[in-house]
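Chemist: Dock chains D, U, L, A, Y, X and V with the ligands against chain E, hints included.
Protein chains in written order, with my numbering: chain E, 1 to 237; chain D, 1 to 237; chain U, 1 to 227; chain L, 1 to 227; chain A, 1 to 227; chain Y, 1 to 227; chain X, 1 to 227; chain V, 1 to 227.
One or more hints might be untrue.
What the hints assert, rightly or not - To give a feel for the contact side, a few chain V residues facing chain Y, derived at Cβ under 8 angstroms:
| hint | residue |
| --- | --- |
| 1 | Q47 |
| 2 | N153 |
| 3 | R211 |
Unchecked claim - Which chain D residues face chain V? A few, computed with CB under 10 angstroms, are given here:
| hint | residue |
| --- | --- |
| 4 | I36 |
| 5 | R154 |
| 6 | G163 |
Stated by the list, open to error - Straight line, CA to CA, 20 angstroms or less: simulated SDA-like cross-link-like pairs of lysine to any residue:
| hint | chain 1 | residue 1 | chain 2 | residue 2 |
| --- | --- | --- | --- | --- |
| 7 | E | K196 | L | R36 |
| 8 | Y | K209 | V | S48 |
| 9 | E | K23 | Y | Y83 |
| 10 | E | K29 | V | G18 |
| 11 | E | K170 | L | L44 |
| 12 | A | K5 | L | A175 |
| 13 | D | K106 | D | A121 |
| 14 | X | K189 | E | P93 |
| 15 | U | K168 | X | K189 |
| 16 | U | K121 | U | L107 |
| 17 | A | K5 | L | H174 |
| 18 | E | K86 | Y | Y83 |
| 19 | V | K168 | V | F191 |
| 20 | E | K170 | L | S48 |
| 21 | V | K195 | D | S49 |
| 22 | X | K190 | V | R11 |
| 23 | E | K208 | L | Y150 |
| 24 | L | K209 | U | G158 |
| 25 | U | K5 | D | L184 |
| 26 | X | K59 | U | M179 |
| 27 | E | K208 | L | S48 |
| 28 | L | K121 | A | S2 |
| 29 | L | K195 | L | D185 |
| 30 | D | K106 | D | E61 |
No lab work stands behind these hints, which were simulated from the structure alone.
Think of the CB as a built atom: it goes at the ideal place given N, C-alpha and C, for glycine as much as any other residue.
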Amino acid sequence: MDLQVLRWMGEAVERTTQGQNDKRERVVKASRDITINSKKVIFQVHRISKSNREEVLEKAEKDLAAVTDQYISRLVKELQGTDFWKLRRAYSPGVQEYVEAATFCKFCKTGTLLNLAEINASLLPINDPSLEPLQINVLDYLLGLADLTGELMRLAISRISDGELEYAEKICRFVRDIYRELTLLVPDMDENSDMKKKMETMLQSVVKIENADASNSWLTFLSKPSVCSSLQEQRLA
Amino acid sequence: MDLQVLRWMGEAVERTTQGQNDKRERVVKASRDITINSKKVIFQVHRISKSNREEVLEKAEKDLAAVTDQYISRLVKELQGTDFWKLRRAYSPGVQEYVEAATFCKFCKTGTLLNLAEINASLLPINDPSLEPLQINVLDYLLGLADLTGELMRLAISRISDGELEYAEKICRFVRDIYRELTLLVPDMDENSDMKKKMETMLQSVVKIENADASNSWLTFLSKPSVCSSLQEQRLA
Amino acid sequence: SSVEKQFEHFRVQLEQSGSLRERIRAVATAMESAIRIMHSNLLLVHQSRPVPEILEKVKGQIAVLKELFHRLGEILRECPGQYYRYHGDWRSETQTIVSLLAFLHWLETGNLLMHTEAEEKLGLDASEFGLDIEDYLVGVCFMSNELPRYVVNQVTAGDYDCPRKVLKFLTDLHAAFQMLNLRNDFLRKKFDGMKYDLRRVEEVYYDVKIRGLTASGDSTGDQGTQA
Amino acid sequence: SSVEKQFEHFRVQLEQSGSLRERIRAVATAMESAIRIMHSNLLLVHQSRPVPEILEKVKGQIAVLKELFHRLGEILRECPGQYYRYHGDWRSETQTIVSLLAFLHWLETGNLLMHTEAEEKLGLDASEFGLDIEDYLVGVCFMSNELPRYVVNQVTAGDYDCPRKVLKFLTDLHAAFQMLNLRNDFLRKKFDGMKYDLRRVEEVYYDVKIRGLTASGDSTGDQGTQA
Amino acid sequence: SSVEKQFEHFRVQLEQSGSLRERIRAVATAMESAIRIMHSNLLLVHQSRPVPEILEKVKGQIAVLKELFHRLGEILRECPGQYYRYHGDWRSETQTIVSLLAFLHWLETGNLLMHTEAEEKLGLDASEFGLDIEDYLVGVCFMSNELPRYVVNQVTAGDYDCPRKVLKFLTDLHAAFQMLNLRNDFLRKKFDGMKYDLRRVEEVYYDVKIRGLTASGDSTGDQGTQA
Amino acid sequence: SSVEKQFEHFRVQLEQSGSLRERIRAVATAMESAIRIMHSNLLLVHQSRPVPEILEKVKGQIAVLKELFHRLGEILRECPGQYYRYHGDWRSETQTIVSLLAFLHWLETGNLLMHTEAEEKLGLDASEFGLDIEDYLVGVCFMSNELPRYVVNQVTAGDYDCPRKVLKFLTDLHAAFQMLNLRNDFLRKKFDGMKYDLRRVEEVYYDVKIRGLTASGDSTGDQGTQA
Amino acid sequence: SSVEKQFEHFRVQLEQSGSLRERIRAVATAMESAIRIMHSNLLLVHQSRPVPEILEKVKGQIAVLKELFHRLGEILRECPGQYYRYHGDWRSETQTIVSLLAFLHWLETGNLLMHTEAEEKLGLDASEFGLDIEDYLVGVCFMSNELPRYVVNQVTAGDYDCPRKVLKFLTDLHAAFQMLNLRNDFLRKKFDGMKYDLRRVEEVYYDVKIRGLTASGDSTGDQGTQA
Amino acid sequence: SSVEKQFEHFRVQLEQSGSLRERIRAVATAMESAIRIMHSNLLLVHQSRPVPEILEKVKGQIAVLKELFHRLGEILRECPGQYYRYHGDWRSETQTIVSLLAFLHWLETGNLLMHTEAEEKLGLDASEFGLDIEDYLVGVCFMSNELPRYVVNQVTAGDYDCPRKVLKFLTDLHAAFQMLNLRNDFLRKKFDGMKYDLRRVEEVYYDVKIRGLTASGDSTGDQGTQA
Ligand SMILES: [Mn+2]
Ligand SMILES: [Mn+2]
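Bound-form chain E, shown alone (with noise of 0.2 angstroms):
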């Protein structure tokens, strides 16, 4: 055997594993920035209340905007040529905050759900046009979902304890629905052990939603005076 043909070898392999390498770090220090970024943008939206929705929603979505114009930017173009499947493990992370992120102000602002096309139809203007555009997958979208549900239990109970009964009362039927259709989905996911453990933390929510709007039901129920006849009379007494 000749060395020399190995070393050839060992240094042709070196370039392209280690450019690999590198480029995988980079795709997760970019993944890791778009996880944080997405984060403070859900922050934000979770100051929500009644008397400042207007203002909350429009920072989160410029805030959003801003993590989509320079971090998912980064991402593409980190990734560029790339095939997209062979570094998902890398940026998954950051898609899904991003997902988390996307469809979390969008069902404050309007009460629906952000489709998977209309995420990939914002993405275009970033893409170089010359290479073919970073498309987020079902899978990341349908993990990121499920993470927004967790957001949901929380922006529930707050709106509970705000007073906001009836906005709690349409979350957790959105939050039900999307539980209901991922039931589905999971088993035909790919590699579904995260998302299954992700069903058992969002039937969680569920049930804490659920808790909360029980015991407040009840609780509205109690502050009729009519009803809370002689228990909240001796309170008061």
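Modeler: This is chains D, U, L, A, Y, X and V with the ligands only, laid out in the frame that chain E set:
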């Protein structure tokens, strides 16, 4: 309920368990010292060679006697008046190592197994005659014996390298006998998961001696000029 | 050979202790069975059945347990000084028994079942076969786990003073345990769990208080738990 | 050689049992799929949709399952006496199916689905291919896990009498299980979990009670669950 | 109530199967004990004690095992069609027994103990209570684990032809197994381990060969293992 | 609703990819089967059977594998750009195939099978469905694991020059790998294992050398491995 | 020889650092003991005992801790620049101490105990032996865990303004933490837990508010916690 | 507010220490890379390439490492007294470097590389940024792991005196370590492994001796290792 009663109980209990904990810690420490010093005795015995046998064993026996007089007697003092079984977990490691050292010395000196009864008899002098004397229990003895085989394996290998083939052969037979006897006993032992692990290690020791012994017997075979025919000649050429 | 003789001797010894252990296990299994029935009867307290009725039901089981401890004591008398060798074999049963007795005692008297009282009820004699203190303490921790549920069900049944009484009992108990310098072991873990019971009872008391439900003449006379 | 012949014989046998197992797995997968749809429909009960509507929806799936059990029975008829050899391959599906049927049955009638009733619904014949008792019992435990959530949602929807009914059902079920002397296995673990369901329902009942919500004549007549 | 009656019925059934299982476990424990003695005697082969002497010693244990399998068969006759329900309770004992028998057989004849021969030795009748094929195969794998050590000890004792014979036996055995399309289970794992035995024997053969020790007329006539 | 519509769309998509995956798995299973036969034939090399005979035997399997890769390529052509989505499903098979081919190639030529040569043998076309470099490298590591055993068996069969040749090959291969800056992953772990192969071959070479066995005219002409 | 001399030197050094570590551990054990008493006294706050009384009780322990930190500082002065070498040995004690001091401080003043204030109370001097920032932050997180329980008990005792004050404090604290870009470590995990405390306090505040319990002039003047 | 100011201050500090850590990690990564090349060159010693040639090759890498340690020292000078805070981040690299240097040094001189010599080679100054003793000792243990392989390959290459020299070196080294009373930690574990190296070298020495291969005038003059 009377808080005073509770407090009182608390203090009483405190006294008891606190005393227990301190004693346990002291016993653990005594056990650790026994372990270290028994290991030193074993290390000393491993220095043995054809030329220094007497001298090495004499030194080892002196060291072992020192372990008995200084460290085992401290354990005896700590344990006095206690149920030996209650604190067994605390002192068992030390006692096992002591058994290992004592039986190792004895085997090297006489080629026989030091009995439990003999060990326990040797402990009587250091016991306070007014109290129940510390007696090593069967389980700790057997656990120590299991470790002994590991030391014997090392000894056998070094004896083989040193050319004392018959001695190694003898060790090998002795270890096999102990292994066989223990095989029959293990299932009857109290909590035998430790012992089961040790049995596996012991089997490995046995196999190791066998392998060393095997390669040795080929080598002795080889070194007889009448047999080592062409191969040897090739080398000499 | 002498080696063989020694090992033969060991084999006999170990078989003896093995059969002893088997007899102990048999007693422990019988305990388990009595515990199951006793526990099942005690659960009726959550359905707010009167304490005397429950006491009546479990009395028989206590007698059974006493008898079993007697039998255990006799077995152990065959191997003096080896209590702790076999302790692990009836330990968890003993802890559960203490928890049941302590709960019953609290229902009757509102007081903590003391260590000596527990020994007495089980016919144990500390001088030869006593109740291990740590087992007693673990049993008391187990008992505390039952209290939040009891409080919830009593309030449901209209006994609004119950949370206050249980809270006082549990607070004192927790404080007493806090004084102990526990090693980092099973007992410590169980005790660490007690604070969740305390917290839950505090929350029920809070619920009752915030709704002004305590004032009423609730002290249900048929309960012995007068703190 | 005879060794080769023997191994050739083994190869054939292992392939036969392998392909049998594959056919069983295929049926089990089909069951899983039907279960998934049925479960998804059953979830609507938490949104307080009327029981008859839900029953209507799941009826089709029950028929599918019956058919699948029929097919399973036919496969097993090919290897008489080996029911328990392959049992593990459809076990967890069966348990889930029992839990769904038992929940439905309880919604309809307020009663526990009996073992024989479950066999009947699935077209099983105990004499040749019956429903394993332990599977049935595990299924019932699974069903109990669903009840706390159901109770909470019913209360939200204004059915304040539901906790009382469920509590009674669950208390009785728990007591019945308590009679069984369960080995330390999966079933035992599941049963041990049932007490958390019980506790949770007690707490909801407590919440409802402490707010004085029970008195009203709310018992929603459109539900079959009259305990 | 009918629920109570059902659970009473279950209680009886579970206790029956529980006691059956206990009886099976008792037989399995007795097997274990006979295995232990047999194994201990078989260990003498590593000290190059003559095979006939060893055979003599273990004969008694084989008779004991045969009797125990007979008893097992009788217990299982009480619950027809449930062989595989309880199979796990005597499975590992059976596998060890096969491995011991196969090793003995190989020492005597140099051949592999066939499945039917194993059944015969244990008095099993395939038509009603046979030897499960996978258990037989696992047992054969276990036996292969013993061979490397045997080879080493035989070489030490001067039997330089042993590695060649064992290597041939093991190579053929490995090839025969290779034909089976094993599922990814316990048996597969055990079989995967066989290649380490093969490799170890190859290395001993290598050691012997490289030292030029094979040529001599060493074939020790007192051993039945003529491949 | 639009939500339902979207999810319905997803369901269709996922089912499509699910069935694609199933078809891929079927191909991978067929590969596994061919690998098993090929491997089993290749094992004959350890019994020092002539290389040409072995090559003859495995040729058929290589053709089968080529065909299977072709089929895989066609399936993947249905989902352009998703090679790496399904990669995990045939990955380990590919690695094993590379290891077998590389071993064969080395037997024939004494050289390392290059990446492009491997692709060629399998009919792969890098421009659309190539051989992943990491899979190739892992396969080469696997191949190295086989060499120590081969050396041992060759020496046993009297080929004393084999260790030197293998040692040279393995040293060069190890050095080439050392140049790669491997991530801390599976490949790295496999490569780390290569040094044990190297060490073992060094030791065999040492054994042969220290006994002066190398000088003889050993170069067995029927082997292609002339370094 | 020089090697021996070097190792002799190492032996001395390793023994020195070993004994240093032992002395540090002894101080840490003494801290643990003081912490236990202090914690036990602090628990009285949940029984709504007046803050000044509690402060009186714990003052002694703070003095003890200060003294112990002084001793620690002296030990560390013996090995300048090695603070972080031994840090792990007193770390968790320090965190608990910060949490207790911070809780006390909040009870007294309604403010967050600042890092410098904590150093001051413990007699630490940042220039040579300061309080590690991460330890301080973990301690603050621990303190937040105590607040929900405190709020529940205060409301029970009639202090309806407490939830509002605590909620404000906790919200600000949470927001302040949010500013930090925490690594994915222990501190981050503890901080993540803070949101559950926040949520629980929100719930109590909500309970109190919805019942119109806040308006009253309840602010119990003997408490320093005026936000 | 002051709280905000404090947290702003923390944010800055945490970011500073975060970026410091990142810079340290970057240096450590660069070290790793140099180590890899150096190690790869050093491996040539197993192919019995002359030591001077190898020394020549690695000289460059040592210079690189020296430069990197210099850079590390400068980073650490920014945070005086925090050496041990970040120690974990370059620890394992340092240990490997010591092992490589010690091996080289032994090849050149036949002596152990002393701690001060190692510091000197790396341009470290004990007074401000020294080489941790435990890291040095672990490195020496790593070096010992390389020796058995070296001995085997030297003997193969005809250097029959090498085993004796290495054995003497290793025996002394082992004895020196034995003097240290090591805690039960990583270093202890590594040292425990040294005895296997010792044993292996003993075996090679024995092989060489028993064949009478030592007497010859083999001392290859181009090697510095004259013990
Ligand atoms: Mn989220
Ligand atoms: Mn030892």
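Chemist: Starting from the hint list further up, note which numbers the structure goes against and sort them upward.
Modeler: Going through the list in order, the structure violates hint 15 alone and respects the others.
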